[in-house]
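Let the hints inform the model, and build the full structure from the sequences given.
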Amino acid sequence: MKGVMGKILKVNLTAREWSEEQIDEGIYDQFLGGIGLATYILHRDIQKGADPLGPENVLGFVPGALTGTGSFVTGRFLVTGKSPLTGGWGDSNCGGNFSPGIKQAGYDGIFFYGTSSEPVYLFIDNKGPQILDASEYWGTTDAVDTEQQLIEKHTLRKKPVCVTIGEAAEKLSLISGIVNDKGRIAARSGLGAVMGSKKLKAVVLAGSKKIPVAKPDKMKEISTEYANKVRVMNLPGFVKGSTFPLVGKALGLNMRTPMNGIAMVGIFKKYGTIFANLSGLNGDLPVKNWALSTKHFKKKAKKTNPDLQLKKETNKYHCSSCNIGCGGEADISNIGDGAFKTTHKPEYETVASFGSLLLSNDLDGIYYINEICNRAGLDTISAGNTMAYAYECYEKGIITKEDTGGLELKWGQVDTAIEVLKQMIRREGFGALLADGVKAATRKIPGSEDCAMHAGGQEPGMHDPRFESGMGLHMSVDPTPGKHTVGAETYYMSTAVWNYCSWAPKQKLESKSHEQEATHEGAWKNVAMSAMKQLVDCSGGCLFAMLTGFNNWRLFDWLNAATGMEKSGDQLMEIGLRVQTMRQMFNIREGIDPWKNKMADRVIGRPPLPDGPTKGNSFDLEGQMQLYWEKIGWDRETGVPTRETLEKLNILQYTEA
Amino acid sequence: MRIKVSVAGIADHSVLEDGEYLVLGEKATIRTVYSRLKIPLYLRPFYRCYLNYKPAAMRDKLKDGDEVFFMTLAAGG
Amino acid sequence: MAKIKTYPHIDYKKCTACRECITFCPFDCLDLVVRGKDSYGNTYPGLTEKGKKECTSCGICAGKCPIGVIEMKEELPGA
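Residue numbers (my numbering), protein chains in the order written: chain D, 446 to 1102; chain H, 118 to 194; chain B, 82 to 160.
No lab work stands behind these hints: they were computed from the structure.
Hints are not guaranteed to be accurate.
To be verified - When the alpha-carbon atoms are kept at most 27 Å apart in a straight line, the in silico DSSO-like pairs for lysine-lysine are as follows: (1) H:171 with D:663; (2) B:134 with D:604; (3) B:134 with D:598; (4) D:452 with D:644; (5) D:951 with H:180; (6) D:694 with H:144; (7) D:660 with D:694; (8) D:685 with H:155; (9) D:598 with B:133; (10) B:154 with D:603; (11) D:1060 with D:733; (12) D:694 with D:644; (13) H:144 with D:1041; (14) D:745 with D:867; (15) D:1012 with D:1060; (16) B:154 with D:654; (17) D:654 with B:86; (18) H:144 with H:180; (19) H:171 with B:133; (20) D:694 with H:180; (21) H:180 with H:155.
In C-alpha cells:
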C-alpha cells in the first residue's frame, strides 16, 4: 500500500535497543494507519493488567495514513498507550509539526517499550535511531526550552522536529501531556506521565525520507478544489466578536438544519476556536464547575470577547499541512511578571476552563496560565476542571485554609489559581492533592465526590451536554471518555458523511427536541460519528476539517488516491468501526465496566439547571448508550463487543488474549 | 430549475425539498433565493452568499444544478 | 554539464501557508518569512537568506506543494 512507510520502530528503553518491524499489507488493509495501527500493536504488545506507569506499558506515536501525502489538514499525530488516568485505552490527538517528521524518519509509528533508568531522548536522522542522554534537561528545562535547545543541537542541514515533556509529566502527573512546536499538546489521557515514567524526555526527528503516493495528480486535484473553496470563505469585515452571542443563539434555535460545513472556515480562519468564548453563551459554556447556567456569566463574558484575543495575536499559526490556520501566536511579554515572551493563542477550551468554569474573565491571567501549562505539559482542560473542583470544595468547607496552606480559593480569582497550578506542577503543598486530576483528588479529599466532574476518571471538555446531548453521550460511550472531540449533533450535521456511507442517516431539517431521547436514528448517527472520527484519526486528519464536510474536505477520495486502494465509503467506515471496537475491547480486557464511564450527573443535567438557556435540560443517557451499543454491535446491556461483531470485523484473532 | 441550497440559521427551511433543494423558475437570481428563503432584510448583512463556492452578488443569474450556500453566523462547532 | 540553477517562486495569490514545502525542504531553505499577503496576519513561506545561498534547485518543494503553486525559475524570488 502506498501513502505509508511499511514499517514501525520499536525502541526498548530498558535495554536501550531498537528494532524495526515490517507491517503486513493485510494490517494496513484492516487498520489503515494512525490510530488503527496503534490499536493493533498495543493490543498485541501490552500485557493484560499492565501498570500504565510501569515498563509493561507501550507508548506509541503514530502519524496518519494521509500525513505528508499532499492532502490538506492531515498533519496530526496521535499518542497512544494505556492511560494512567482512566486505566483503559488512552489516545491523544495533537497538531503542530511533528507528524510528518515520523514518516520522514521512515516509520508509520514509533513505539516505546520498557523503562530507562536514566533520562534519555531518541534522535533519528537518515543514519538511523540513537538513544541519547537527556539528564541535562531532566528536571531543569521546561518543554518549550528543551525543544528549542534540542533543535539547535541537532540542526545540521535541516531543522528537526521534536516532542518533549515538561515538569508535570516528569513528576508523573496523570493529567500531563506531550508537547511539540512550542505548545501544541497531546494533552488528554495522561500520556505525558507514561512518557515521564519511561524517563523519555524527548523524541527528535530529522529524517528526510520520501513518502510514497499512489496518485499524486489526483491528490493535487482534490487538494486544489479544497484550497479554492477555503480561499474564498471570508467573514464580512463587520463581523466582530460581539456578534457571536447571536451566532450562539442561532445555533441554539430549536431546529437542526443540514448545512454545508465549509461555512465554518470563515470563522476558523479569522478567530479559531475562540469564537465560542461568546457563542457559548447559548448554554454550551460551562460555568462555575458546571453548577450554573450561562446566564450567570453573561456580563462577565464581555471581557473574553475574541476580538480582545485577536488584538494580542502577533501571528497566525497553522499546524502541518493545514490551509485553514485556526491557531495563533501571541505576545505576552507585558503580562504578569513578564516571565514569558510569547505563547500560542489560548484555545476556547483553555479560556473556558480557566475562565467561566472558575467564574473568571481575566484574559491576561488565562494567557499566563496557558503558557505555564504549555511549558509544564499540563492538560488545560483537566487542570481547569480540577481547579474548579478545588474552588468548590473550598466554598463548601470540605477543605479549609489549613489544607490549602493559607490560600483563599475564591471564585473568580485567577491569581490564586496560578499559585495552585504552580504547586500542582511541582507536586508541592496543596497542589500535590490536585496534581493527578479530580478522581485521584477525591481519594485524598474525603466527601468531595459530588464536586468532581469526570467520566471514567477523565475530566470533560468545555462543551455542555445539557446544551447538546450527543456531546454527553460521546463523552460517556467513547473508550476514552470525557473527550469533547468525538461527536455531537452539531458536528454531524455539517459532515455530509451520508454521501459516502450508506448506513449513516442523512441530516434532515428537524426539531432538536427529540435529540435528548434515545432514538434509533440518533443512535445510528452517533455510531457513524464514532466511526468517521476514528477514520479521521487513522488518516491524521483534524476534527475541524471534518466539520467542513467530507463533500469539501474529501477524505475518502484522498485516502484512495494516496494509498492506491479502491475502497468504498462503507468499507472505509468499516475500518472506523473496527478501530472503535478494538479500543473498546482494550478497555474490556483491562476490566473496565463501560457503564462506569458515564459522565458525572451534574454535567448531564441531573438535576437540571433551574435557569438560563438550557433550563430544565436533561437527557436519557442510559437509553442512548444502550442503543449506541446495540447499533455498533456491542452488547446492549454490558457494552461488551459481541463475538459476532468481532468476527464480522475480522478482529477476533487480535482481541483474544 | 433545481438548485442545491445550504443555509443554517434563520430562514424558511420548509421551502426546501429534501432539506436542500430549491425549485425556481427561469430567470431566477440570488435575490430570488433570499426572498424564497424569507431571510429577513435586517439579517441579510449577516448572510454571505456563495454560488458554486464563489462569492455571489444579488443579481447573479442561476442555472439548473447550481449550488448556493450561505455562510451565516450560525456556523460554528 | 552544469545544471541550471533555479529557485522556488510561490504564487502568493494562491498559497495557503500550509507549510508542506517547508516540511519537505531537505536543506531548510524555506521558512515562514513572508508577511502582509492577507488581512489575517498569516505568514507565508519563502526562501530564507540562507536558502537563497544554499537552495540546490531540487524542486522537492514544488513537487510537494499540494496545489502546485510553486514554480522553479532561474531568477531569485522577491528581487
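Status of the hints after comparison with the structure:
1. H:171 with D:663: Status holds; Cα separation ~22 Å.
2. B:134 with D:604: holds (17 Å)
3. B:134 with D:598: holds (22 Å)
4. D:452 with D:644: Roughly 25 Å separates the two Cα atoms, so the pair holds.
5. D:951 with H:180: holds (26 Å)
6. D:694 with H:144: Distance ~35 Å between residue 694 of chain D and residue 144 of chain H Cα, so the pair is violated.
7. D:660 with D:694: Roughly 44 Å between the alpha carbons, so the hint for residue 660 of chain D and residue 694 of chain D is violated.
8. D:685 with H:155: holds (25 Å)
9. D:598 with B:133: Holds, at about 23 Å.
10. B:154 with D:603: Holds. Residue 154 of chain B to residue 603 of chain D sits at ~23 Å (cutoff 27 Å).
11. D:1060 with D:733: Holds - the C-alpha atoms of residue 733 of chain D and residue 1060 of chain D are around 16 Å apart, at most 27 Å.
12. D:694 with D:644: violated (48 Å)
13. H:144 with D:1041: violated (60 Å)
14. D:745 with D:867: holds (26 Å)
15. D:1012 with D:1060: Violated, because 46 Å separates the two Cα atoms, which is more than 27 Å.
16. B:154 with D:654: holds (25 Å)
17. D:654 with B:86: holds (24 Å)
18. H:144 with H:180: Since the Cα atoms of residue 144 of chain H and residue 180 of chain H sit roughly 8 Å apart, the hinted pair holds (cutoff 27 Å).
19. H:171 with B:133: Violated. Residue 171 of chain H to residue 133 of chain B sits at ~37 Å, over the 27 Å cutoff.
20. D:694 with H:180: Measuring from Cα to Cα gives roughly 34 Å; hence the hint is violated.
21. H:180 with H:155: Between residue 180 of chain H and residue 155 of chain H the Cα gap is close to 21 Å, so the pair holds against 27 Å.
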